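The task is simple: from the sequences and hints, build the whole structure.
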Amino acid sequence: MKIDREAATGALALLALTALIALFPALGFTPHGPFPSGIPHAYHDAGTVPVELLGDSGRNGVYFVPRGTPVPAFLAGIGIRREDARQSLPGPSVLDQAATVSVLRSEEKVDIRPMAAAKRLALGIPIDLNRCGPEELILVPGIGEATAERILELRGRAGRFRDLDDLTRIRGIKEKRLERLRPYLCIGC
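In this text, residue positions in the sequence shown follow our numbering: the first is 347, and each later residue adds one.
These are computed hints drawn from the structure, not numbers from a lab.
Incorrect hints may appear among the rest.
Straight-line distance between alpha carbons at most 30 Å, and here's what the computed DSS-like set of lysine-lysine pairs gives [to be verified]: (1) Lys455 x Lys522; (2) Lys455 x Lys465; (3) Lys520 x Lys455.
Derived DEER-like restraints, expressed as beta-carbon distance ranges [unchecked claim]: (4) Lys455 x Arg528: 50 to 58 Å; (5) Pro416 x Arg517: 23 to 31 Å; (6) Glu491 x Glu521: 20 to 28 Å; (7) Ile458 x Leu500: 27 to 35 Å; (8) Gly425 x Asp511: 18 to 26 Å; (9) Leu450 x Lys522: 40 to 48 Å; (10) Arg459 x Arg515: 44 to 52 Å.
Predicted model only: the values in this text are computed from it and were never measured.
Beta carbons: idealized from backbone N, C-alpha and C, even for Gly.
See the structure below:
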């Protein structure tokens, strides 16, 4: 089989491009690495937590920040200066779980609260079985009102769940169903 000049040139170009892409990590280029500000925006991995920013900052959205990031560092990293949110920026507060941060410059207020269950689930982040209410539980695929009531009843009797396997003590939840629920629920997250 004879290869013409154009086919050989195309094959060499493709080989060179493939080699260049393979060398990106070795050269320090990462296609999904941290943004220049040091705070990832749309890249979620095991060491990050989602933070929803609301308010009148002009930078609303969901950010993924390294777990344990101090709130003032998060705000500074996305370009919100201390003067823009003068009041009591929560100094020692750190972002260690999914949170909603509201910045209201007009009221000089920063409010931090856990992210709503519906948003957590939409982002693929499980909800804490020991902290959720019935409205949050029924958002989980496979849990209806009756099962949510039984889960809360068991939690009320036992005090708290120690492991997701405790759910098998509830009528109607066997191993197979529990495995379908696992991606949506956690203990202490």
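Hint-by-hint comparison with the structure:
Of the pairs offered as hints, the one joining Lys455 and Lys522 is violated, with about 47 Å between alpha carbons and a cut-off of 30 Å exceeded. In summary, the hint linking Lys455 to Lys465 is supported, as the alpha carbons are separated by about 23 Å, within the 30 Å threshold. For the suggested pair Lys520 and Lys455, the alpha carbons sit about 47 Å apart, so the restraint of at most 30 Å is broken. At about 38 Å, the beta-carbon gap between Lys455 and Arg528 misses the expected band of 50 to 58 Å.
Distance hint for Pro416 and Arg517: a CB-CB separation of about 45 Å, inconsistent with the stated range 23 to 31 Å. For the pair Glu491 and Glu521, the beta carbons lie near 23 Å from each other, so the given range of 20 to 28 Å is met. Range check, Ile458 to Leu500: about 31 Å between beta-carbon atoms, so the 27 to 35 Å window is met. Taking 18 to 26 Å as the suggested C-beta distance range, the pair Gly425 and Asp511 does not conform, at roughly 45 Å.
Separation of Leu450 from Lys522 is about 47 Å and conforms to the stated range, judged on CB atoms against 40 to 48 Å. Judged by the Cβ atoms, the range 44 to 52 Å given for Arg459 and Arg515 is violated: they are separated by roughly 31 Å.
Checked against the numbered hints given earlier, the structure breaks hints 1, 3, 4, 5, 8 and 10 and satisfies all the rest.
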